[in-house]
Amino acid sequence: MANKKADVAIVGVGWVGGIMAAELTKAGLEVVGLERGHTQHRGVGYWDDQKHDELRYAVRYELFQNVANETWTLRHNLQENALPIRQLGSFLPGTGLGGAGVHWNGQTWRFHPRDFTIRTSTIERYGPSAIPAGMSIQDWGITFDELEPYFDKFEYMAGIAGKAGNLKGQKVTGGNVFEGPRSREFPLAPPPDTAIGAIFRKATTELGYHPFYAPTANLPKTYKNPDGVERGACTYCGFCERFGCEVGAKADPTITVIPVAKKTGKFKIIDYANAFAIRNDGKNAQSILYYDSMGRVQEQPADVIVLGAYVFNNVRLLLVSKLGKPYDPVANTGAVGKNYAYQTGGGGATVWLNNSQYKRYMGSGANAVAIDDYNADNFDHTGLGFIGGGSISVGQSGARPIQSLSVPPGVPSFGRDWKAAIKKYYKSVVSVGFQGESPSYQYHFLDLDPNYRDKFGQPLIRITFDWEPNERAMVAYAGQKTQQIMQTMFPDAARAGVGPYSPTGPTLVQGGPGSLSAHYDSVPYQSTHNTGGTIMGADPATSVVNNYLQMWDAPNVFVVGASNFPQNAGFNPTGTVGALAYRAAEGVLKYHKNGGSLV
Amino acid sequence: MSSTPELSQNLDDYDGRWVAVRDGTVVAHGDDEESLRADPAVRDGDLVYPIGDPPSGFYLINV
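Protein sequence lines correspond, in order, to chains A and B.
The opening position of the first sequence corresponds to residue 1 in the numbering used here, with each subsequent residue numbered one higher.
The opening position of the second sequence corresponds to residue 1 in the numbering used here, with each subsequent residue numbered one higher.
This is chain A alone, in the form it adopts within the complex:
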């Protein structure tokens, strides 16, 4: 039997679902949110007795998708047989109320103006030959300036701390001078640099770069947002990523937008609801079909359907429901599943200090000083052999006792020498990190696996992805820059040679170009910034949704999230996801009033 029809039904109640529920219920609409997990975060204080349990949350993945129920298959190219990912590793999609917005770090960036026009901008500056064969980067169908009001809205809702580097076109020293123009300053000033952040700032300034404090959703002081939600300041406990915040200092949907939606009395959350299909006639959707907590099929009808789940689930729901045209990489037709992308790591530098300590166990997830000089197209790529770049930063996000025991290469992984190295370096390892772009390619895509199914019998998403020469060259270049920064940060380092670590050996300095593994490896954790598959654009032939995130092929279906990114930028995605959610909410209200295609 079907549930009562809602004005809007949303699949997934994370940042996207929470923001849209708040905006739509405030406007008077009745909204139902379907969440596959449970209501795990009941507000500030809920985590008090269990919050810092690293084994439970970080090692055993309490807040993440259970891959025994539902996973993905992976192959590197069309010739390989895809196999299931049996354990979480490379990425960690969240589950439960609040989704990934509960366990994120709080790094809140705006993508660059060039990121939204990447194909046009690249061709204008370097010519069409600069885009490698097979790379399928495309413009977003929306500009930075058009998205700016929605970025602003997200930042003021979440209480982002930072310093503007571009206010209405005026460059501001001390902020990120490469960013697009902001209409106003951040709602909060950034906290002071950490000791290691100050060293990074000094070194990068000496090198002629433009350091700034990275925008953070970890409050440096109490903050009351425009909805009247008040949150307390960060205690720098160092347990952000993979954990909920027990003091509510980290912006999180469960303590910001979801309570606002619930307060209206118009938002109903159904947990343990695993959506598996959208009933539709090919032009409009009628309802969401889902399995309830007892495994029974239920139906939620609505005038408007919003898919606000994680990247893979948004794509899978469309493919299973036969909504939109599936992407065919060989014929290069269709768009659902197209342009899957990720985040490119490597290229960082790490130092183990022999005689200095920085008490890195204190910190927060977005506690970092960064430079943007080698991100996007902020530097001249002529003759470099690649396009794109990434952000470079030194962060201090804490040092948990199980997974943060970094020792120099060559140290045994157990035994007396390992223990001695842990004791020596626990407080004194410092990394300069690089987070690079992930361009899209014709043969990087998502489709339904023909062989493997989840516990409900639905086909798994099959990922086809690998590292490409452009990113290998980018990472090699970035590694040279991070090495240069590290050597400037610690000029007293003596280049005594290159070789394996020895506790009694000479001081060693080794560094240089970064690199990527021979093939993408799903085992080690790298990033949870998966993107694409329901990409936005200006052309229905090459995108799934328009710039209101409304499906071209079904105007009462909105698909929202990082699955809209036509490729991924050199930043964390949440700020841009938040902006798109506010944009989509506006689109739903317009559609609910007038109907039809909004573009």
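These are computed hints drawn from the structure, not numbers from a lab.
Here the structure is a predicted model, which is why all the values come from computation and not from measurement.
The beta carbon of each residue, even a glycine, is placed where N, CA and C say it ideally should be.
So, partial list: chain B residues that the calculated Cβ filter (under 7 Å) puts toward chain A:
| no. | residue |
| --- | --- |
| 1 | L11 |
| 2 | V21 |
| 3 | I51 |
| 4 | G52 |
Got chain A; can you put chain B on it based on the hints?
Just chain B, lined up with the frame of chain A:
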């Protein structure tokens, strides 16, 4: 160092080494960037990069 026509195109075979790639094809490989770029098989414009887990970022310093 090698630049024979029979070069493997499987990057797994170059773990820990540098490769030069032209139009998606490995045309040479070497122990390090400097020696590889000196290989006559490598032309200006070839992409040259290392394969494998990042070798960079190993510092132990007395400060």
